[in-house]
Amino acid sequence: MALSGDIDARAARAVLAEWPRRDGLLVDGDGLPVNYAFNGLALLAWLGLGGPRDAFVDRAIPLLVAARGLALEPSEVVRLDSRLQAWPWIDGTFSWVEPTAWCLLALKKSARRAPGVESRVNEAERLLADRACVGGGWNYGNAVVFATPLPAYPSTTALALLALQDRRDLPAVREGLAFLGPSARSEPSALAAGLAAIALDVLGPRADDLEGLLRQRIAIASTLGQVVGVAVALYALERARHECAAYRL
Amino acid sequence: MSVPPTVSDTVTLSRRDALRALTVLPFAAAGCRPAPYRRPDVSVPAMSDVAVLRAAGYTADVADVVGRGLRELHVEVVGRRVLLKPNLVEYEPGTAINTHPAVVAGAASALLRAGAATVVVGEGPGHRRDTEFLLTATGLYDVLTSERLRFVDLNQDDVQVTPLRSRFTRLGSVALPAEVLRADLVVSMPKLKTHHWAGMTASMKNLFGTVPGAVYGFPKNVLHVQGIVPSILDLTATIRPGLAIVDAVVGMEGDGPIMGRPRALGAIVMGTDPVAVDATCARLIGLEPFRIEYLVKASRFLGNVSAGRIRQVGEAPERMAARFDVLDHWLPLREPLPFWRRWMIEGMRRG
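Going line by line, the protein sequences match chains X and R.
1 is the number of the first residue of the first sequence in the numbering used here; add one for each residue after it.
1 is the number of the first residue of the second sequence in the numbering used here; add one for each residue after it.
You may find that some hints are simply not true.
[Said to hold, decoys possible] Computed, partial: chain R to chain X, Cβ under 8 Å:
| hint | residue |
| --- | --- |
| 1 | A137 |
| 2 | V159 |
| 3 | T162 |
| 4 | Y216 |
| 5 | F339 |
| 6 | I345 |
[Said to hold, decoys possible] Derived CB-CB ranges, DEER-like:
| hint | chain 1 | residue 1 | chain 2 | residue 2 | range |
| --- | --- | --- | --- | --- | --- |
| 7 | X | A114 | R | R33 | 33 to 43 Å |
| 8 | X | R248 | R | A178 | 50 to 60 Å |
| 9 | X | G225 | R | G172 | 26 to 36 Å |
| 10 | R | G94 | X | F146 | 17 to 27 Å |
| 11 | R | A117 | X | A147 | 25 to 35 Å |
| 12 | R | Q160 | X | S82 | 32 to 42 Å |
| 13 | R | S173 | X | R59 | 43 to 53 Å |
| 14 | X | S82 | R | W340 | 46 to 56 Å |
[Stated by the list, open to error] Non-contacting residues of chain R with respect to chain X, defined by C-beta distances greater than 12 Å in every case (computed):
| hint | residue |
| --- | --- |
| 15 | P45 |
| 16 | V152 |
| 17 | L185 |
| 18 | V222 |
| 19 | H224 |
| 20 | Q312 |
| 21 | M320 |
| 22 | P338 |
These are computed hints drawn from the structure, not numbers from a lab.
Glycine residues also receive a C-beta, built at the ideal position from the N, C-alpha and C atoms.
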C-alpha cells in the first residue's frame, strides 16, 4: 500500500502471490500456522492495489469468515466477555484486538454481502466494544486484569477505530477518538504515528501536525528493521494524495 | 484373644491407608510415566555456580560487575557470537518492567572485553508488540546507538522449525529465529519479577521472548494455550541459554510482570545453569523454589534447584534477600517446604 503509487501494482500482486498458501490463506512458510492478522492486512493491501479481483481474495474471504478465536469460560481475573469470538492471531487461540481489527476492516471493505459476513461483523464489533479500555482506547485486548485497569495504546486504538469507522454511534468509538488525539503525538513509533494519522484522517479531525513525527520515526524505524511501521508511516505521509483510500470504507 | 476390628477401627485404618496412598501415588505414577524428554538430550550438572553480585544502582559500573561475574564463573566467550536477550514487555514511567538499558550495555561491554566475537541484542516482545516504541521509550535505543550494538526484532526474524528437546507441550517443534540459532551463546537477561500467572519470572520465563509473535501470536498465544509451565520447560530445554544475567538491581513485586511495584534489591545474578539462577532468584525474593512448578520439574532434568547443589559466589544471597510481596494466590510460595516433600522431589531428580 505504501508503494502503490510508485510501483507496478501487478508486480506487487506477484510478490503477494509468491507466498506459500495453505487452504487459500497466506502463511510465512511451510509448516507454520496461519496468522489471521497478517492475512487481513494482506487482503486489505491486495484490495488497495486496485486492478482485477484476484483469486486470492475470493478464496481468502470464506476462510476468514470461517475462522474463529477460542471461546473461553468466564473468568473473574479479567473483565471481558470471553465467549465473544472474533479473530485470533493464530489458529486455536483467543481473539485479540489487532487481528480482529485487520480482519474486520478487510471484510467490511471487500465482502459485506458475502454469506456469513454480517454475523461475523456484528460479533467482531461487539468484541471490540467489549475490549475497550477504561477511559477510552484499546490495547492488545485486555482492559482489566486482577482488578487493575490497563492502559490503551495509540496504535491499536487507531486500528480499532478504522475497523469501527462506520459505527460512530458506539460510545467506544467516541472515547477512542478522544484518547487517540493527544496520545498519538507523544508516542515514539512510526507504526503508532502512521496508524493514528490515517485513523484521524478517516474519522477526523485531521492531524496535519504529525508530519514531523512521522518523518523522524521513519528514520528510526528503518534502522530497527520495522518494515510494517515504516510502510504504514510512509502511507500516512502520502495521505493528501490518496486520502487513505485503502483504509476508508 | 484376638479382637476383631470395630467399624471405627476399620474406617480409621482405611483413611490412613488412603492418605498414605494419596501421598505416594502421584510420585509413584510420575515415576512410572515415561519422562517427557530423552536422557541423552538432557542432563543436570553435579553442581552449579551462581554469582550474586552487588550493584547498588544503574549508575554503578555494570560492565565491571558483569566482568567480575564472568571471571568468577569461568565463562569462556573468546571468539563466540553472543546474543543478549533482555526482557522488554511494556513501558510505563516510574515502573520496573523491563531489563534496564544500563545492564544490557554493561553486559555487552563486558562480553566484548572478554573476547566475544560479536554481541547482538535480540528480543521479540509479546505484550506490547510495537518494538520501536519499547526500544525508544525504555532508553534501550539510545544505548544501542551509543554502543553501536545491532538489534534484531525476534518477532520478525527468519525462522527455522526446530525439534523440541522435551515434550511438556504438545508442539513437538518450535519455530526459532535465525539469530537465536546462529548464536554460539544465548544470554538470557531478564528483569527479576513476580508473575501473576507463573509465580516468578526470571531467566527461564524470559525465553518466551525468543519465539516469534508472527508465528505464535501476541502475547505468544500458542504458548499460553499449551500452558505456561510446559512452554517454559520446553523452551529452556531446547534453547539452552548458556548464560543468565538477571537484572535484580530493581525488581518488581506484587502484581508482576507489568502492574507490580518496583523493589530495589541492588543485585545482578549470573550463572550458566538457568535453573540454578532462577532458584537463587526465588530465594532472594523470599520464595521457596521447590514450590514453583517449573523449577520443580526443571530440577529433574535441566538444572539444580537444591541449595546443596548450588555453589554461591560473590555476595551471600541471604545478605541481599528481600521479601517480595506476591498476589494472594501465590502466598503459598513463601511457605517453607516440609522436609519429606523436598526429599521426595529430590529423589525424582535425574542425574
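For each hint, the structure was consulted:
1. A137: 6 Å, holds
2. V159: 7 Å, holds
3. T162: 11 Å, violated
4. Y216: Interface hint status for R:Y216: holds (6 Å vs cutoff 8 Å).
5. F339: 34 Å, violated
6. I345: For R:I345, the interface hint is violated, since the closest Cβ of chain X sits about 29 Å away, which is over 8 Å.
7. X:A114 <-> R:R33: 33 to 43 Å: 49 Å, violated
8. X:R248 <-> R:A178: 50 to 60 Å: Taking Cβ atoms as reference, X:R248 and R:A178 lie about 38 Å apart, which means the hint is violated.
9. X:G225 <-> R:G172: 26 to 36 Å: Roughly 30 Å apart at Cβ, these two residues keep to the hinted range, so it holds.
10. R:G94 <-> X:F146: 17 to 27 Å: With Cβ atoms ~20 Å apart, the hint holds.
11. R:A117 <-> X:A147: 25 to 35 Å: 49 Å, violated
12. R:Q160 <-> X:S82: 32 to 42 Å: The hint (32 to 42 Å, Cβ to Cβ) holds, given that R:Q160 and X:S82 are roughly 34 Å apart.
13. R:S173 <-> X:R59: 43 to 53 Å: This hint is violated: roughly 28 Å between Cβ atoms.
14. X:S82 <-> R:W340: 46 to 56 Å: 40 Å, violated
15. P45: 34 Å, holds
16. V152: 8 Å, violated
17. L185: 23 Å, holds
18. V222: At roughly 6 Å from the nearest Cβ of chain X, R:V222 sits no farther out than 12 Å, so the non-interface label is violated.
19. H224: The claim is violated: R:H224 sits with its nearest Cβ about 8 Å from chain X, within 12 Å.
20. Q312: 34 Å, holds
21. M320: For R:M320, whose nearest Cβ neighbour in chain X is about 28 Å away, the distance exceeds 12 Å, so it holds.
22. P338: 30 Å, holds
In the structure shown, a violation is registered for the earlier hints numbered 3, 5, 6, 7, 8, 11, 13, 14, 16, 18 and 19, in ascending order.
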